[in-house]
Amino acid sequence: MERTIPAEKKVKKGLWRTLVDQKYLLFMSVPFAILVFIFSYIPIWGWTMAFQKYRPSRSFFEQEWVGFDNFVKMFQDPNFYLALKNTLGMSILGLLIGFTMPIIFALMLNELRNGMFKRFVQTVSYLPHFVSWVVVSGLVYKMLSTDDGPVNQLIAMFGYEKVQFMAKSEYFWLIVVLADLWKELGWNTIIYLSAITAIDHSLYEAAKVDGANRWQLMRHVTLPGISSVIIILLVLSIGHLIAIGYEKQMLLGNPLVSDASQVLDLYALKYGIGQNNFSFGTAIAVVNSVVGVLLLFTANGFFKKRTGESVI
Amino acid sequence: MSHSPYRNGFQKPSISDRIIDIAIVIVMVLVVIVTLYPFLNVLAVSFNSSSDTVKGGVTIFPREFTLDNYKTIFSFGTIPHAFFISVARTVLGTILSLFACSMVAYVLSRKDFVFRHFLSRYLAITMYISGGLVPFFILIRDLQLMNTFTVYILPGIVNVFFIFMIRSFIDGLPYELQESAKLDGANDFTIFWRVILPLCKPVLATAALFIAVGQWNSWFDTYLFNGSNPDLSTLQFELMKILQSTQTGQDAVNSNDMARNMQQVSPESIKMAITMVTTLPILLVYPFLQRYFVAGMTLGAVKG
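Residue numbers (my numbering), protein chains in the order written: chain A, 1 to 312; chain B, 313 to 616.
Just the calculated beta-carbon pair ranges, DEER-fashion:
no., chain 1, residue 1, chain 2, residue 2, range
1, B, ASP329, A, ILE104, 14 to 22 Å
2, A, GLY245, B, ASN459, 21 to 29 Å
3, A, ASP21, B, GLN456, 36 to 44 Å
The hints are simulated quantities; they were obtained by calculation from the structure and are not laboratory data. Where a beta carbon is used, it is the ideal one built from N, C-alpha and C, also for glycine.
Given only the sequences and the hints, what does the whole structure look like? Please build it.
Okay, structure coming up:
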């Protein structure tokens, strides 16, 4: 259809004229761009603190520059390695369990014949995603408690001794990872389920004609059908491997298990804000971010080499 | 949709098919039980009389039904005010953030906007790199936002993820609508407000749910910035203090004075009633918004 656009619209206008023409669009975006500058870009600029002996009362130009001193101090601190070990331990364990289970769960949900039951299971499984970690930590403590927790009651029913789950550091990683699985299992299946629905049905028909059974259909049609989604999510989770945050560890942890619950972000929080050592805390955050970005690019690089596509 | 693509409608299911079906149903029932039991247990305990709960053994039905726990938490103490602050930050934060995000999303969707590419990159960068906790903390302190209500709202108003999500929805709307509005003499803001926003209801519902849940559930900003000001305490933070005080000792990170506020120990039933009040608002709305967020997740996933 030919549109009747006035001819002068096609003429290239000067920048000033364009700005005046688009003044509403500017009013609608510039204030928010400034907010982003304040709350996202200024903190990135704050990374300079990692190279200073930062004193809050002084201006930027009066700060004392110390080079890599904060980083050297960090790499000499045994607590840093403990935090690193816990961070990597929990994130790799989380990747093994938290990444594979939603795929299996999605494949199983897809096998359900009864649509009502399927929708009910889905609705229930999404539910914990919307609950805060504060509530979840309360539930975990309650479910694992030694006097009235159902897990220990089951253990006792089978004649074993009750376990003080929350007081033993050897269980802490697993508890965090399983609590996370409980919270996000259903939610993380959404994306796989929608990928499964997008698979061309004629592929299944063709495979059936060739005599494929249920396992072969799953193995040779469904899994290849969602493999690109799986790989994209895998690359992204590898990028986030080190950035597991502090929330779960802080809420589920307690002094008895602190040697297993101390992660990098908590370490930064403890030294950086708790002890007012801002430069040291920033140095930890810088290492954390840089390693995260490096991991993301490495994973993406491998992915690109194999498929020629890029996730980021 | 309701039947599996694996099944051939004409064949009778074989025995191994039946076994697989039954095994899957059993697993699903187990998942449902494991997911629901903690909530039902908390609900039951919250309606059970405190003195009876101590004896233990309450499962999913209250043994001595009472509303006293709820009456107690709503009649005195910090909970009613914290509830009000939580509602206030959720309502205000959601409305303002939704307005800002959709407006910026509209501007980004306009192919003729001068700074389109710059703005898009400028926003995208912040999704990959962030300054981290300590610089953010210092920024908030320097801006004098410590111990203010504003700290709940202002830093989160612009959310890049939702901007991109809403923009990809607007991109799918026919451009002719905007053009005809323009011919009728509407300015860019009027087009956004009168033409675009009403069409964006599904994606706005999704974003609103996510923003509201995020606001309602957040506790860390209260902990970090407003922990010493009970007037600005939120439900999640109150619950966190109560839970942490009774769990095995104190939290490892409480190196500041917050630890001193966490000494009061509440009876189990009261704790569970507070947990329920903190959870219920979300549990009530989310099933109704489910179809929106499933669509929203899929949209976000396809566009990367």
